[in-house]
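The primary structure of each chain is shown beneath.
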Amino acid sequence: MKAEAHGHRDEHLPLLDGFHEQYSVHLDKFDGPMDLLLHLIKKNELDICDISIAVITRQYLEFIKLMKDLNLEVAGDFLVMAATLLLIKSRQLLPLDEQEEPELEEDPRAELVRRLLEYQQYKEAGMVIGARALLGREVFVRNASEPVLAAAQSAEGPLEVSLFELVEAFRVLLQRIPLESFHDVAPGDSLSIADCINEILSLLQEQDTIQFDDLVREECTRERIIVTFLALLELSRLKLIRIFQGNGHGSIWFVPAVAADSSEVDLT
Amino acid sequence: MNSELASIIESLIFTAESALSTDRICELLNEFDREDIKAALKDTVAYYHGRGGGFELVEVAGGWQFRTRPAFHSYITRHIKTRIAKFSQSALETLAIVAYRQPITRAEVEHLRGVDCGGVLKSLLEKHLVRILGKKDIPGRPLIYGTSKEFLEIFGLKDLKSLPTLREIQALDAVPQYERQEELQLEPEKAIPTESDLPFV
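For the record, the sequence lines run as chains S and U. Following the working numbering, the numbering of the first sequence begins with 1 at its first residue and continues without gaps. Following the working numbering, the numbering of the second sequence begins with 1001 at its first residue and continues without gaps.
Hints in this document: simulated from the structure, not taken from any laboratory.
Some chain U residues judged to face chain S by a derived CB distance under 7 Å, without partners named:
id : residue
1  : Phe1087
2  : Ile1097
3  : Val1115
4  : Gly1156
Backbone N, C-alpha and C define an ideal beta-carbon position, used for all residues, glycine too.
Same shape as in the complex, but just chain S (with noise of 0.2 Å):
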């Protein structure tokens, strides 16, 4: 949802101007309901123990229409807390019930406020936790190594990737492809999906693994790198290839669906 965001946001640029300014910077941002509140709290300068729930509800209820404008998904967590804000809106305009004792009669915000306020504890809680020197960003050991395939394979089993991770590791490559190479208008030798298949399976006949750093390592061209990445994903599809990775963010892996099957046969 978030690249669409950037998408859309391009698009309707002109139609938008005012919107723009105002709110799409942020649209990025908002990590759910409880955050977009904050943020408009905040704007308003409004104390957070006694906010103005009509303002609030009004731009907040702007930003869900935004949304939709922007043709994004609206989640329904912003639903729920839309909600939310209108129950406690019409509860504080209806008259309070005289029959009931009155120190019984909560202020309706009251529930949204500690919620506000222990959200905003987490938040600030996640930025320190965030800023620490994390070991393997800013801190270092000795044996700082790549974690090596038989450390993936060890006791707790290879992690099987996620298409997130993989595509991740795609950006990685594009990334380290020179931007100013020249096209070559030779009759080049282009590449098909399916050469590239091939291509991968004969190299998992040869060795069990690959890892994908390394299939792409000697011609660094940006098609090569797109069309393995097609190969690998429509392999993985056929289900000839297992991809999993290292821990965390180590590199990623690939082995043969099929030899990885009949080792297990054979074990028993």
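Fit chain U to the known structure of chain S by using the hints.
Relative to the frame of chain S, chain U by itself:
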């Protein structure tokens, strides 16, 4: 740092694959007195700290480890590929909630954040930062989550107690004042000697 014991301990920590706990060091060096080992550890920490070199001896996740000083990360990353990507805001928020409120269920995390946290929790689980502690004895028997040892290692924390308290975090932009701090519940087996247990503090 001139005692032989300190040098022995230094060699053990230097060659260890991962952080070495005080208990483990005492076990390996059973001919030495536990108190002496603690004192030697303290001397070694002070020695490396005072030296101001490229690395220090630090206590993380209940063990001792040589770690580089954060100031030099930009040089180190010139030849070592980093394993950790930047954490998203939602990942950090979720991690903070789990760290401070553990044991906690997914529904409780979602109530605090107001959004679905299934995906975030799953990726934290995959990164081994969060682990499943068990099931809660309420209808539906939901899974309960807590932080892992890797969380302490990656975030360079000695134990859960050394997380900044929520009150401290709030006080960052408020006038400092003395207040009772809430302490996190710590599992007994995780309790490890703190600095104040060491002699001559």
